[in-house]
Amino acid sequence: MPDRTIAIYDAAKTALLGGALYSLISSSVQPRPLYPFAPEGDKTSEYVNISMQSREVSYELPIIESAAMSRLSFDQPTTIAVLKSAKEQRALTEEFAKLVANWKANRSASSSSIAVVIDPSYQRIISLGTKALPLILQELAHETDHWFWALRVISNDDPVAAQDRGNVKKMAATWLDWGRKQGYV
Amino acid sequence: MSNWPPDFTASARPVFPQEFPHLKPHHCKPDLSPATTDYNCIAWAASDTDNWWWPDDPLIGYGYWPNGVDRRETIEAFVAAYQTVGFERCDDGILEVGFEKIAIYALKGVPTHAARQLADGNWTSKLGPFEDIVHLTLECLKGPLYGEPDTYMRRPAKTV
Chain S
1 MPDRTIAIYD AAKTALLGGA LYSLISSSVQ PRPLYPFAPE GDKTSEYVNI
51 SMQSREVSYE LPIIESAAMS RLSFDQPTTI AVLKSAKEQR ALTEEFAKLV
101 ANWKANRSAS SSSIAVVIDP SYQRIISLGT KALPLILQEL AHETDHWFWA
151 LRVISNDDPV AAQDRGNVKK MAATWLDWGR KQGYV
Chain P
1001 MSNWPPDFTA SARPVFPQEF PHLKPHHCKP DLSPATTDYN CIAWAASDTD
1051 NWWWPDDPLI GYGYWPNGVD RRETIEAFVA AYQTVGFERC DDGILEVGFE
1101 KIAIYALKGV PTHAARQLAD GNWTSKLGPF EDIVHLTLEC LKGPLYGEPD
1151 TYMRRPAKTV
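Just so you know, the sequences run in chain order S and P.
First residue of the first sequence? That's 1 in this note's numbering, and the numbers climb one at a time after it.
First residue of the second sequence? That's 1001 in this note's numbering, and the numbers climb one at a time after it.
Each hint should be verified, as a subset may be incorrect.
[As the list claims (entries may be wrong)] No farther apart than 20 Å at their CA atoms in a straight line, the calculated lysine to aspartate or glutamate pairs in the EDC-like style are these:
no., chain 1, residue 1, chain 2, residue 2
1, S, K169, S, E143
2, S, K170, P, D1038
3, S, K131, S, E95
4, P, K1029, P, D1132
5, S, K104, P, D1038
6, S, K169, S, D157
7, S, K104, P, E1131
8, S, K104, S, D119
9, S, K104, P, E1019
10, P, K1158, P, D1048
11, S, K170, P, D1050
12, S, K169, P, E1131
13, S, K104, P, D1132
14, S, K98, S, E139
15, S, K131, S, E94
16, S, K170, S, E143
17, P, K1108, P, D1150
18, S, K169, P, D1048
19, S, K169, P, D1038
20, P, K1029, P, D1120
21, P, K1108, P, E1139
22, S, K169, P, D1050
23, P, K1142, P, D1092
24, P, K1108, P, E1076
25, S, K98, S, D119
26, P, K1142, P, D1132
27, S, K170, P, D1048
28, S, K169, P, D1132
29, P, K1142, P, E1019
30, S, K131, S, D157
[What the hints assert, rightly or not] Computed list of chain P residues with no C-beta within reach of chain S, every gap over 12 Å:
no., residue
31, K1024
32, E1076
33, D1120
No wet-lab data here; the hints were simulated from the structure.
Where is the CB? At the ideal position from N, CA and C, for every residue including glycine.
Can you make the complete structure from the sequences, with help from the hints?
Quick look at the structure:
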């Protein structure tokens, strides 16, 4: 077990130096306190937790990987791949945040729902595809806004009941519930 | 008196001076609400703060539009939508005791905005996804975004 732990630590360190933000590494062994320790009561406590704090970088935005990750084996190449994924996720998160900021900054005072979504940044978010869904839903949970068009186009789904159409709060709640059921939230 | 950029509005959007060249600080009373995307001007004119009204295509859109009313961006469709909440066409936006009036703005014949008259004769508007304001005249919001007041409607004012 010690050897395995060291290997994971080295792999994680390499990836962190390469820009990975945060990783949760599935383990078939009991978690050992590396650093930082998994927070008390953290739902991820079954994992060994390695974060950017090992580089003294104050990122506080954990990217919680999907539940599928818990099915990954305790395997060195797999672990590295996951960490690279975290790096890509960071780039996606940064691009998404920039596009959201542009969309909101460029808004006019038009009440047309078409005008709200015709913005190039909004359309660019749609073009990110399904990988943008968790970020959109996260944004929607943070602040209700007109993400419904994007969610509908990307997911090719529409969980909103006809009688709720136009009620932004209800539509947001419905989409967040949909996201939870689909594993995006 | 403040100058543009419009720091007298809650959202202080840098595009407001271009969109509303006639809106000046002395035309505009303190904002009624913070910015919200929960409802828009069309809803606000009908005193609905729960829905975003717009007649977009139901296959791709998400706006609320009253059942049975054409989902088209025409004055006729907007008039029909407001008729579902008790408004009828009238001649002008002059204050009439006992009536609540609205004005539908249009740009090149296409509806863009609606404002609601208050009991004191002032008007209130929701600026798209931004805040609600009170403005002294309908002319305050004339411009390249909303066009100008096109159609007026009224309904009996609610008695308190």
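Going through the hints against the structure:
For a cut-off of 20 Å, the pair hint linking K169 of chain S to E143 of chain S stands: about 10 Å separates their Cα positions. Between the alpha carbons of K170 of chain S and D1038 of chain P the distance comes to roughly 10 Å, so the proposed pair stays at or under 20 Å and holds. For the hint pairing K131 of chain S with E95 of chain S, the CA-to-CA distance comes to about 12 Å; that is within 20 Å, so the pair holds. Under the criterion of a C-alpha separation no larger than 20 Å, the hint pairing K1029 of chain P with D1132 of chain P is consistent with the structure, at around 10 Å.
For the hint linking K104 of chain S to D1038 of chain P, the alpha-carbon distance of about 15 Å falls within 20 Å, and the restraint holds. Between the alpha carbons of K169 of chain S and D157 of chain S the distance comes to roughly 18 Å, so the proposed pair stays at or under 20 Å and holds. Proximity of K104 of chain S to E1131 of chain P is assessed by CA-CA distance (about 14 Å); at most 20 Å being required, the pair is judged to hold. Straight-line distance between C-alpha atoms of K104 of chain S and D119 of chain S comes to about 9 Å, which keeps the hinted pair within the 20 Å bound.
In summary, the hint linking K104 of chain S to E1019 of chain P is supported, as the alpha carbons are separated by about 16 Å, within the 20 Å threshold. Taking the CA atoms of K1158 of chain P and D1048 of chain P, the gap is near 14 Å; set against the 20 Å cutoff, the hint holds. Between K170 of chain S and D1050 of chain P, the direct Cα distance comes to roughly 9 Å. Compliance with the 20 Å bound is thereby established for this hinted pair. For the hint pairing K169 of chain S with E1131 of chain P, the CA-to-CA distance comes to about 17 Å; that is within 20 Å, so the pair holds.
Straight-line distance between C-alpha atoms of K104 of chain S and D1132 of chain P comes to about 18 Å, which keeps the hinted pair within the 20 Å bound. A C-alpha spacing of about 13 Å is found between K98 of chain S and E139 of chain S, which places the hinted pair at or below 20 Å, so the restraint holds. Between K131 of chain S and E94 of chain S, the direct Cα distance comes to roughly 13 Å. Compliance with the 20 Å bound is thereby established for this hinted pair. A threshold of 20 Å between alpha carbons decides the hint, and for K170 of chain S with E143 of chain S the separation of about 13 Å falls inside it, so the pair holds.
A C-alpha spacing of about 10 Å is found between K1108 of chain P and D1150 of chain P, which places the hinted pair at or below 20 Å, so the restraint holds. Proposed proximity of K169 of chain S and D1048 of chain P is supported: the alpha carbons are some 13 Å apart, at most 20 Å. Distance hint between K169 of chain S and D1038 of chain P is fulfilled; the C-alpha atoms sit about 7 Å from each other, no more than 20 Å. A hinted pair counts as satisfied when its Cα atoms are at most 20 Å apart, and K1029 of chain P with D1120 of chain P qualifies at roughly 13 Å.
Simply put, K1108 of chain P and E1139 of chain P have alpha-carbon atoms about 16 Å apart, close enough for the 20 Å limit, and the pair holds. For the hint linking K169 of chain S to D1050 of chain P, the alpha-carbon distance of about 8 Å falls within 20 Å, and the restraint holds. Proposed proximity of K1142 of chain P and D1092 of chain P is supported: the alpha carbons are some 16 Å apart, at most 20 Å. Between K1108 of chain P and E1076 of chain P the alpha-carbon distance is near 14 Å, which keeps this suggested pair within the 20 Å criterion.
Distance restraint check for K98 of chain S and D119 of chain S: the Cα-Cα separation of roughly 14 Å lies within the 20 Å cut-off, and the hinted pair is therefore satisfied. Taken as a hint, the K1142 of chain P and D1132 of chain P pair is honoured in the structure, with Cα atoms around 16 Å apart against an allowance of 20 Å. Of the supplied pair hints, the one linking K170 of chain S and D1048 of chain P holds, its CA atoms being roughly 15 Å apart against a limit of 20 Å. Note on K169 of chain S and D1132 of chain P: the hinted pairing holds, with a Cα-Cα distance of about 18 Å set against a maximum of 20 Å.
A C-alpha spacing of about 8 Å is found between K1142 of chain P and E1019 of chain P, which places the hinted pair at or below 20 Å, so the restraint holds. Distance check on the hinted pair: K131 of chain S and D157 of chain S sit about 15 Å apart at the alpha-carbon level, within 20 Å; holds. Non-interface status of K1024 of chain P relative to chain S is upheld: no Cβ of that chain comes within 12 Å, the nearest being about 16 Å off. With a least beta-carbon separation of about 17 Å from chain S, E1076 of chain P lies farther than 12 Å from that chain, consistent with its non-interface assignment.
Residue-level check passed: D1120 of chain P sits 24 Å from the nearest beta carbon of chain S, beyond 12 Å.
When the structure is compared with the earlier hints, no violation turns up for any of them.
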